[in-house]
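Going line by line, the protein sequences match chains G and Z. The first sequence begins at 682 in the working numbering and counts up one residue at a time. The second sequence begins at 8 in the working numbering and counts up one residue at a time.
I should point out that these hints are in silico values taken from the structure, not numbers from a laboratory. All clues given are correct.
In silico contact screen, one side only, chain Z against chain G (beta carbon under 10 Å); selected entries:
| # | residue |
| --- | --- |
| 1 | Pro108 |
| 2 | Thr136 |
| 3 | Arg138 |
| 4 | Leu146 |
| 5 | Leu147 |
| 6 | Leu154 |
| 7 | Tyr156 |
| 8 | Pro166 |
| 9 | Ser168 |
| 10 | Asn183 |
| 11 | Pro266 |
These figures come from a predicted structure and were not determined experimentally. Note that beta-carbon positions come from the ideal geometry of N, C-alpha and C, so glycine has one too.
Residues per chain are reported as follows:
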Amino acid sequence: MKDSPYPKSQDNKPPKRRVVVTGIGAITPLGHSMDTTWDGIVNGRTPASPIQYFDASEFPSKIAYQVVDFSLSRKLLKNGEDAYLCESAEFAINAAEEALEQSRLLGNSRPGTLNPNRIQVCFGMGLPSPNIDWYEKVFFPKKLSHEESLNNARILPNQISTIIARMVGARGGISTVHTACASSGQALGEAFESIAYGDADLVVTGGADSMISPFYTAGFALLGALSKRNDAPKTASRPFDRERDGFVFGEGACVLVFEEYDHACKRGAPILGEVCGYGITESAYRITDLHPEGTGPIEAMQMALDDANLRPTDIGYINAHGTSTQLNDRIESLAISKVFGPSSKDTLVSSTKSMTGHTISAAGALEFAFCLLALHHQTLPPSVNISSFDTDCLITLTAPEAQARNFSFALSNSVGFGGSNTALIAGRIGR
Amino acid sequence: MSPSDIVITGIGAVTAGAIGRTAHWDLLQNGRVTTSEYDYSLKLFRPDSHVKDRRYLRSCSQADGIGLAALSGLMTDSNYEPEYYSPQRVDIYTGESPPNPQDHSGHFEALDAARDQHGHISERVFGQTSRSARPVTLLLGLSNNVLCYGSLMWDARGPNSNYTASVLSAHLAVINAAKRVKRGALDLAIAGGCSDSTEEFRKATLIATNTVAGYANGTAVADGAAFITLERREAALARGSRILASYMSSAYSCDGLGPARFDPDGKALYDCIIRALSAAAVKPSEIGLIFSGSSGIPELDLMEIEVLGRVFAGAGTAPALADTSRVLGGLMEAGGMLDLALVSEFFNCGVVPLAVRSRINHGQFTNNISPERPFALALRCSTSGEYSCVIVKGELN
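Just chain G, with the same shape it has in the complex (with noise of 0.2 Å):
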């Protein structure tokens, strides 16, 4: 082998311009809009019910959490648009509505001085979720009919990004992203670079995803990730509990408006919090499973650091991916540990996703917003479900209760099958 030029300087790094957040909207299976969802998060909902989508009854896990009574917005629409759209896609639309609105960039209330060349749009788009009335009607006759074909576009992962493209009247090209459950964090993170290294100065970024459908279910059971306490499907999401036994579905999508600091301001639109670090690795181990030493989130939450110029204790919270699966709870609280200290009291730690669910494609999207809004509220969205908090985990849990805390900074992590791991670290305004 040659001589390896490296370790080398990064000194060519250009200086990044400040990415602020002016809209965030949500459909979860805690509510239709981010502030009923925030509400469920502060309150320690867990609405998790046994699956209606099709008749589990037979499956070894039968439970999810589930966006229930909702509706599509349609005003947004074009006519025919609706026939592009797949389950999550039309969460996408909602929620998208909800961050332009926000953000002031519907409407009257839109300035008539955006460069739509500028305006981009990076979505984190989750897989087809077919139920097996529709895969019968699809794959199994040889002929389809043009309806039926129509049908298959759903699919598309980019249909969604392309629409929402059109709400925001963006030109300046599209992104569609998908690494499994690192998706919505790759999509914020390749959103938050764009606008910093200048190449755009808004972007509409987010991630939808619903997986609660046969095949994906019998997929994750035999693969042992889900949990089966179908018996008591509001406490089976525990993550860092000692008797956890796998994730729980859930299903949603989460849309935020990134845009450069000055420019938000000089639209006058509201300022939620700021993007302050990236990181991005792959862990190159198992498809399925981390490095037992926890490499690749280590070094995405340095990477992120890093890039924020913050140091470990300059973090008060980090949203953890915390999937409640025994393997992800144990190697990412060691990485954190590593990152940020054994059971470090400066950084607290907990998972939404014991009140979420396992939102998959959205989950970095969801919980980079809750870090922007527990910073926004300077509280700390509890730890439920912690009957009895696994000790190998060596992290410090948020209380059981929300709690206040004066803290600046927050990170957000996501690890996916594949081995992407991505870290976002969010800032108050005004610290």
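Fit chain Z to the given chain G structure using the hints.
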């Protein structure tokens, strides 16, 4: 760092017509007919003998297998020895297609077993029968397998991403990988994509979005995979690597009109090209070769040629226009990589090979490639009004 400091040092490619860089240039030059009863299909391709570690294939779809075969070939072509660079500064940017029904094939037996006498599949019974499927059944249908196994193969642990953006996917992978290399966050980036678009279900999906606009006019979808390596020139030369081309700049844009709609005026495509030229500090008159997006969809192709006409209206001698999809088919998520990696072959040949001369060139563009203008512009255009443009520079003999 000047734009040309990033270079392409290798390509791994598997299509229905050829495997590897040299074979693909031979294919484009000679225009061997690759369509058959299988169209541009790789249904019969067996990746086993092409993939460095066959264990990975146990939980891979056919598209993943094709992708891993291309990534294995790339390692040879780029003469890369894993761990030469720090693993944290190497990674993969992929474009992958969404899963097809056969990617759930691990469930087929369980589905059949759950069928009642009328042929209806019972969800409740499937809940039982699916318990005996292989544990890895789920993994076949993941859309980021190539990213994962490619990272294992290359010991690549740095920043990464996977794009599911149809025909723009591989270009987006290159664009984002090159940004990382340029910023100094990566030393080696692998970028490209893989696709199994000839599968009937996918084809039907594409018909529905006007991508395959009926069987007569539209994209002739093709299976395949193609990945390139991007490095800083100085580091590539230090490790004794061959330079295939210089990466100059890129841009992407969209019409913002929603799904399956594009602007026939092509304003966003025009802006995209102008931005890429500006970022490369290259004038239209310095472009010697254009690789068209050539979707095969008449309205989209017409718009593309009109936009190119506007961009190059004052450029003096017209550049050459090539359309590699005439031989390779519409490679969807894998499309555009061979254009970037074979650009030097085109420049050194001096003329667009007959087989890949554009059918939408009505005299505005030439077939002669001038070595005096060694820059090439490569486009991707989608029916959803998404566009990308990458500018590369050929290495002349």
